[in-house]
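Asker: Now for the letters of each chain:
Number of protein chains: 4
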Amino acid sequence: MQPQLLAVGELAAGQTLTVPVYQFIGSDPAAPSVYIQANVHGAEVQGNAVILQLLRYLRQHPPKGDVTLVPLANPLGINQKSGEFTLGRFDPVTGENWNRQYLDNQLPLPQWLSERQHYPDAELIATYRQALKANLQTRLQSPWGVTTGQRLAYTLQLLATEADIVLDLHTGPKSCRHLYCPEYQRHAIAEFSIPFTLLIPNLFGGAMDEAIFCPWWRLSDYLASQGRQLEVPVAAFTLELGDQELLDMTQAQQDAQGILAFLSQRGIVAESLAPAVMPRYATKLSNYRKFHAPQAGLVQYLVAPGSQVKQGEPLVRLLRLDLSEDAQEQLLTAPESGIAILHFASAAVQQGTELYKIMTRATKI
Amino acid sequence: MQPQLLAVGELAAGQTLTVPVYQFIGSDPAAPSVYIQANVHGAEVQGNAVILQLLRYLRQHPPKGDVTLVPLANPLGINQKSGEFTLGRFDPVTGENWNRQYLDNQLPLPQWLSERQHYPDAELIATYRQALKANLQTRLQSPWGVTTGQRLAYTLQLLATEADIVLDLHTGPKSCRHLYCPEYQRHAIAEFSIPFTLLIPNLFGGAMDEAIFCPWWRLSDYLASQGRQLEVPVAAFTLELGDQELLDMTQAQQDAQGILAFLSQRGIVAESLAPAVMPRYATKLSNYRKFHAPQAGLVQYLVAPGSQVKQGEPLVRLLRLDLSEDAQEQLLTAPESGIAILHFASAAVQQGTELYKIMTRATKI
Amino acid sequence: MQPQLLAVGELAAGQTLTVPVYQFIGSDPAAPSVYIQANVHGAEVQGNAVILQLLRYLRQHPPKGDVTLVPLANPLGINQKSGEFTLGRFDPVTGENWNRQYLDNQLPLPQWLSERQHYPDAELIATYRQALKANLQTRLQSPWGVTTGQRLAYTLQLLATEADIVLDLHTGPKSCRHLYCPEYQRHAIAEFSIPFTLLIPNLFGGAMDEAIFCPWWRLSDYLASQGRQLEVPVAAFTLELGDQELLDMTQAQQDAQGILAFLSQRGIVAESLAPAVMPRYATKLSNYRKFHAPQAGLVQYLVAPGSQVKQGEPLVRLLRLDLSEDAQEQLLTAPESGIAILHFASAAVQQGTELYKIMTRATKI
Amino acid sequence: MQPQLLAVGELAAGQTLTVPVYQFIGSDPAAPSVYIQANVHGAEVQGNAVILQLLRYLRQHPPKGDVTLVPLANPLGINQKSGEFTLGRFDPVTGENWNRQYLDNQLPLPQWLSERQHYPDAELIATYRQALKANLQTRLQSPWGVTTGQRLAYTLQLLATEADIVLDLHTGPKSCRHLYCPEYQRHAIAEFSIPFTLLIPNLFGGAMDEAIFCPWWRLSDYLASQGRQLEVPVAAFTLELGDQELLDMTQAQQDAQGILAFLSQRGIVAESLAPAVMPRYATKLSNYRKFHAPQAGLVQYLVAPGSQVKQGEPLVRLLRLDLSEDAQEQLLTAPESGIAILHFASAAVQQGTELYKIMTRATKI
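Residue numbers (my numbering), protein chains in the order written: chain A, 9 to 373; chain B, 9 to 373; chain C, 9 to 373; chain D, 9 to 373.
A portion of the hints provided could be inaccurate.
Treat identical chains as interchangeable: a pair holds within one or across any two.
Claimed, not checked - In silico SDA-like pairs for lysine to any residue, Cα to Cα no more than 20 Å straight-line: (1) K182 / Y309; (2) K298 / P322; (3) K182 / Q316; (4) K141 / V29; (5) K298 / Q145; (6) K292 / I33; (7) K141 / M286; (8) K298 / Q149; (9) K182 / D256; (10) K298 / R325; (11) K182 / L254; (12) K318 / P151; (13) K318 / W152; (14) K141 / L310; (15) K141 / L167; (16) K372 / R194; (17) K292 / W152.
Hint data in this document are derived by calculation from the structure and do not stem from the laboratory. Quick caveat, the model's predicted, so the values are computed rather than measured.
Please build the complete structure, drawing on both the sequences and the hints.
Answerer: Structure follows, in structure tokens:
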């Protein structure tokens, strides 16, 4: 099975950059479809290994629903080296985060619906999807052009807009596995095999998951305000699969197993697969807090990702060998209790560097 | 005259970064005050030369109003080299644009005003200013900390919030001189000696000028909705003074002359100075369009900044030596008529690079 | 005419990087052959425009000797953006200068010649060239592999080793046109249309020109020590064609004219073309001096590339707005008299930055 | 105990960069002196933690010999961020490796010795050391200036030239602990508590250790050629203490213990401390081989640093999701048997990236 190649950009010397796309046609036309991409941030490679494991499974076990797999989704980011690491988080020309450039796909709902309110659900959904796609295509063809990042993002978004379910595979810097889940899909928490979940509201911040669900969530909300119930017909999630700059095929097998169990619940994978048994914790995105270095220095991270930390307990040891004896070693403590989800990747930090992200007020699901 | 040094950050190895601050106390307490900063984007150095010329003038001609001059306002950006150029447009760790991290200084107006609506204008203004400053200080002291860029931005914003007029000196990549002016200060266009002006609405996008005027504009608008007239009591402008990576003391003398004439109009400088005579053009920010490279390649910029270009006329010559003969040289044309204000700094561009910014629908003032 | 594509590397996401190669077979088998490449440093694009002009000429005027044209010779460098500029001078992973990674193609001469000293000149030359190429191929096929930069360099070197004359088209940062010429080709100075020349000795420093002529110069020297005269049968030059990040087709036409006149002198171009009339200056490479910033600061370059400067005359204005009044503006002066050939590209410099390169003790040719 | 601050450079915005220097005066004037520096490469922070542990020990146990400790030795490198990691291996302006810019401190030995050959050993050594220092000072005061990297390197070298023993604390990317030891100090292998050693010859490549010992080794060799025996009176070593971007105070305690045991053997530390018992392996530097990626792709490193690998055994799993099924997962194998000392830090590599460094032909000491 050879991937199709999707053109997403051109390098200054002229090379076309392409993204491999693997498509499986499902056996059951009634089953939902899924789009899974990985590596939109250049250093976050583990999702590719997971996709390779999914590919192997799906070749053996043809799915009921359509499956589109897009590894290496951002060649611009993956190829951007700076020193020994991959500088793939933002466009090196503009600084724009590669995962904040998707289109806020807004239709003027009152107007658009005025002529279509009599459509039955299925037709409304199909027509709305077409309109979302048309909007993306119009932007891509603007006579003023689009930015490098928009071209990439809109091209992927166009493909993802076809699907009922979208999974965007990322990693943290040094991170435990965690999930971004829209609030209306709260029930999905138990379907994934991921211990920690952030519940996100209906706000567009530029990321793929939001770019997929916001237009539909807005439609659903607007219809509700007009007295018509339509469940949000699509779902999109961001999965954070451990550390950046790390590839591990054994762990990828486990990650793939979790995703397949989710797809099994959703009727895309035929085989009956159960999610892993594990304690699960969730909190609202507004309770997800960033701890910034109050001072510069060299740091040792004292709390492993995935661990609980109590308010006042040490998070970070900070060395300052330029200062006098009593200030050479300091401990930075947690401002609030919570679960340390991830920490920064480097041991030398400026004042203000985001050292830890901590899930506060989490509840066990 | 030695500057005071304002601490704005700490480098990983421990060095404190400071910004020089020059303060002149005005002779007339009734005169407005002005805050002028330069070089928030690391490669945009010309404003420092302008500040040096202003310093020399003000030492000879003590001002009526208080004047605060802050050159080298972003040591983090200025010191960030990457190859031979200054990579000072965004935080190298996060990609955040240094001029998009100021605080959207929002007070809950209905509530805040409920107890203060009887205040006379002067008192209301003073109290509101205190509240804006207190808000900034609270953010800077958060137990979770602030980012590197926020610490810099909020610290400068705190100083600038004291002033009645704020000028933020920038440059374009390869650019003619132009001005960003809030719509309610339209009359300022004739007071500056700058040929091209973008009129900006009451929308916060993270820049210094907006961070200064938005809170007051909102106050004025809200009061108007309550039937009370209060002219926006502060003004803030961004001046774009030519090319980045260029320092020219002769040109700086001329730029300073223009700023002094403006300050003279506003009663801060005692001497009566007139703005330069020149044709002036303005348009709304929404008419300021970006032209992105439809293809990658090597480029020759054909329209000089400050020149008119008609729809369909060539903007850029694009070379593609990897292609066959007929595609090796192409011309990219303007999608609409307008004035070319600036173009990109490099001759080798990816697909999607912002090649030109063009002021369309400009009117002569 | 479509270029052949030469594979020179692979990006992390898998894309093969290729370099376009244009080949003209000469009408006269006895005429020498020439290899011309451009853009080995990513920001030095002007040579590509020159090659485009050469291509157009050669299509109209088929050459007597074989001509190989290789524009966009370093896709890795050209595509390496960092902020708005091209960071294409060194490998972003290792810091290795792209033009210091060619192979020092050394054969063990006494041993190698012991069996071949009776060869007539032409046969000796052909055999030696084969040995040089074989050596490059062996390196490229090492079981331990070669670095990214070596793969690129050796691949280009293999192609260039075929030719009798090699021209490597570069630019300076902000620079006048100048030439690097091996001492034994001193007579070439008058054949080029370039005002300033550095004469380089038989020392290998890693650059393309040296990689081509050093092995032959050593052979010639060694044979001379054995009492046999063999003129160095190849020549290699580096042409510095103005500023980096600048593309100008009109100037390229003039640059191409100069190169064609040189090729005409050497019997490769059939038409009789004369070099431009101009004063020409040359000096030994050891008299080419670098002036480093004794202090950090913002700088205005006061001497235009190509101009004379006398010892003690100002080269650079240095602003230091963090210091007290008397130190805010300083002048840095030339330590010795000479011709300013190029200066640094940025206006903000660290202590130690190479501000100017100055040709001292130049003589008029 | 407060460090002295040694100025080593100035940032573009004017800030002076300093390096902390801690000095202990030994109780025994006859005991040798030692200079220890850390963090010349910006991401290699562990040596600072080791120096902190040494500081604590030496405050409690005053040494017999003079001890100079220089943590955070390269503020330019430490402060150079690019994305989340420290881009501190080379000068971001020039690409020059910070540890390849020390002075090749060459005196014209025959000439210099001609007037001093009658000096007794101690006087010869003292005079030679003075001459080496004078040479460094002359370079630092050149009217043409020195580069940014030279200023840093020469300033540190001047301090280190005072000492009898120099330790330069580095780390690898992902690395086991290993030692660079000059061949004439082979007996030091057993004095350190480090399992793997590279024996380096009398060749100057620009690094600190070579910059210290080469001038003395040359002196010793030259005197030997004149029939006089003088043991090389100084020693310099580079210690590689694990992974970059990692700080670990517990491991640092162990690393410090090993260094103190070495200093105890050499009579600098008074307490009698024994090196750790462990198997030790050494080989010549020429047997230290680099394995470069034959293809680009995503990689999983299969052999842990410090482990044996046999010829033909898998070193690296390479994923290529852009290719067809059979090429999506490949294994790269060791071209020769040896000990894997370190591997690259990133999981996404270009063709030619240095994946592993392998010690071949090692012998057990």
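Asker: At most 20 Å between alpha carbons: which applies to K141 and M286, within, between, both or neither?
Answerer: neither (39 Å within a copy, 48 Å between copies)
Asker: First find the shortest C-alpha distance between K298 and P322 inside one copy, then the shortest across copies, and answer within, between, both or neither for a cut-off of 20 Å.
Answerer: within (15 Å within a copy, 41 Å between copies)
Asker: Can you give me the call for K372 and R194, within, between, both or neither, at a CA distance of at most 20 Å?
Answerer: within (13 Å within a copy, 57 Å between copies)
Asker: For K318 vs P151, is the C-alpha pair at or below 20 Å within one copy, between two copies, both, or neither?
Answerer: Only across copies: K318 and P151 sit 15 Å apart there, 55 Å inside one copy, limit 20 Å.
Asker: State whether the alpha carbon distance between K318 and W152 is at most 20 Å within one copy, between copies, both, or neither.
Answerer: between (53 Å within a copy, 14 Å between copies)
Asker: Between copies, within a copy, both or neither: which fits K298 and Q145 at Cα up to 20 Å?
Answerer: Cα proximity of K298 and Q145: across copies only (19 Å, versus 37 Å in one copy).
Asker: How would you label the pair K141, V29 (within, between, both, or neither) given a Cα cut-off of 20 Å?
Answerer: within (18 Å within a copy, 41 Å between copies)
Asker: How would you classify K292 and W152 at a CA-CA limit of 20 Å: within, between, both, or neither?
Answerer: between (39 Å within a copy, 18 Å between copies)
Asker: Is the C-alpha distance from K298 to R325 at most 20 Å within one copy, between copies, in both cases, or in neither?
Answerer: within (17 Å within a copy, 35 Å between copies)
Asker: Are the CA atoms of K141 and L310 at most 20 Å apart within a copy, between copies, both, or neither?
Answerer: Close neither inside one copy (47 Å) nor across copies (36 Å); limit 20 Å.
Asker: From the Cα coordinates, with 20 Å as the cut-off, is the pair K298 and Q149 best called within, between, both, or neither?
Answerer: Between copies only: 14 Å across, 39 Å inside.
Asker: Give the relationship of K182 and Y309 under a CA distance limit of 20 Å: within one copy only, between copies only, both, or neither.
Answerer: This pair counts as both: shortest intra-copy Cα distance 10 Å, inter-copy 18 Å.
In summary, the structure is inconsistent with hints 6, 7 and 14 from the numbered list given earlier, while agreeing with the others.
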